[in-house]
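Asks: Going line by line, the protein sequences match chains U and L.
Just so you know, we're using our numbering here: the first sequence kicks off at 1 and counts up by one.
Just so you know, we're using our numbering here: the second sequence kicks off at 386 and counts up by one.
No lab work stands behind these hints: they were computed from the structure.
Treat the hints with care, since some could be wrong.
[Said to hold, decoys possible] With a cut-off of at most 25 Å between alpha-carbon atoms, the simulated DMTMM-like pairs for lysine to aspartate or glutamate come out as follows:
1. L:Lys472 x U:Glu275
2. L:Lys404 x U:Glu275
3. L:Lys504 x L:Glu491
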Amino acid sequence: MVMGAIIVGVWALIFLFSFLNSFNEAYLRNAINYEYSHIQVHHRSYLTEPDVKFSITDKEKMISALSSNSMVQAYSARQLVSGMIASSKANSGVMIYGVSPADEAQVTALDQQLVEGDYFAEIKRNPVLISKKTADKLKIGLRSKVVLTFQNIEGEITSGAFRVTGIFDSKSPKINESVIYVRQSDISRLVGFEGVNEIAILASQLREIPQIEEDLRREFGEVTIRRYNIVAPEFDLLEQQSTVSKQMLTTIIMLALLFGIINTMLMAVLERTKEIGMLRSVGMQKLRVFGMIIWETLLLSLVAAPVGLMMGFVTNLYFGERGMDLSRYAESLKEYGYDSIYYPSLDNSAYYILMLVVVVTALIGAIYPAWKAIQLNPLEAIRKL
Amino acid sequence: MSMPVIETIKLKKVYNPDKIPVVAIDSVDLTIEQGEFTAIVGPSGCGKTTLLNLIGGLDVPTEGSVKVADTQIGQLREAQLTDFRLKHIGFVFQSYNLIPVLTARENVEFIMLLQNSDKKEREGRSAELMEKMGMKEAMDRRPAELSGGQQQRVAVARALASRPKFILADEPTANLDSKSTESLLDIMSRMNQEENATFIFSTHDHRVIDKARRVITLEDGKITSDERR
Ligand SMILES: Nc1ncnc2c1ncn2[C@@H]1O[C@H](COP(=O)(O)OP(=O)(O)OP(=O)(O)O)[C@@H](O)[C@H]1O
Ligand SMILES: [Mg+2]
């Protein structure tokens, strides 16, 4: 009985942990891949005053440095212009990303997020990509004409007519909400200024991020270089939150386990009143009886915990391979930038820690029954013989 | 040649001294010599179990003292008394003498393990005793796979394992049929001679009484007769 409880408890913990992990990982992965990238570079003043005029001064040099850096997988230089998009029916505030289509596709896979139209394929003038959400808001579709309004470099209000050539559906809710993409050449002509406000960088390997940052900092002093978790503090928050959730889960399940162990071992002690009375009578010391009960409980957990761990491991193996399809619930998940299929996984260290936690729980749970066992009066116990 | 292994002086036990006092043992002066084969008899409730428990250091007297060999056991602290029981007194109870998860032989070895005997000694002694008990074939069986008579024989072997000063057996045959009773008594009697083990047992059974070489009769907690044969 205790064995069953331990097995199920351990298994459930592993499953929940892994699920939580994959959930968060997927969220972070999406946020990085579709929104933040690994590193963002801005003009120093741009962050406090997001004005198109604060562009990266050494952009040519930086771009050539990035393209020759083998640790950099991809980068995209963007001109960011805040403005308005208007159809004949409605309008909406947007951030206009002036991008070089090929680079942007490398960094955010924007080309693969199109649900309609194509990715800057036509050489026609002023194509714009808008999100499904924006399209719905403006009640427009593919090939609709829109007017973008913004300030030019002199601070004067300028507009340009654009045609919707593609509609995307990003995994980033923020991008769906307020970003539209145009060619940088088109927007800079209208703004009257050819500059880059933001460079988003993807590293080949996560562990190379610090090195890339350092290289950039050494060469370019005038820019702000920020890693994804600084760009978006929610990364750290999520990490903390998941740690807290895991601790809570562990505590709850271990508490349940603790009471299960106390209960069963107490029953076992009661059932063995006669045996314990006999042992005390023939000369077994209290301490030894105490140790015996503790040892038996420990043994139970030492047998049961690995079984639970194995089961958890196998479950992870199965779902890790096949993925866990949550698409039935995915509509609402997508709103928050989550995926619908998960591949649970867990660090090896978690298995060791869990094993330790179970053993410690068993030990604690054994104390009260063991104490009860030595409180038994051997005379009373053998009188019932 | 013979020397006392047990000496009780004015032994008295009163249960429930505060409520309705029951005088279970009353001023018992008793001396048991090394090598005796003694039966304690008397009607139900006369105090046999109480007397054995007092002698065995399982219960504390209200008055008087129990001396085992040279030790006043009333002066031992609880842990010391437990250790004393382990090393110097063998116990055979009416039933439930054995640990159910251990085999017959392991039950004997287990107590020797508590007594800190080394492995070689444990194996040698348990094998020897199993042989003497006529349990050689059944020694790897668990208690549930043994008859009541066989279980009691294992209990006797367990009690003999450390060559204690004496063995206390409270109605060891109460749950046995007449054939098993006879064979258990024969074995105890033989051990009394072969190992020079001192046995003190209580009983109601006349066939058991007949085998004893000393019979002490208790009535209302007092010794009313004490005959040697
Ligand atoms: N724990 C106890 N509390 C109160 N009275 C007790 C207790 N144990 C025994 N007695 C009483 O003490 C007296 C002696 O009991 P004891 O068990 O020693 O008798 P006995 O000769 O072993 O009887 P039996 O042949 O039935 O086993 C009895 O009157 C019994 O009711
Ligand atoms: Mg009795």
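Asks: So which of the earlier hints does this model not fit?
Replies: Violated: hint 2 alone.
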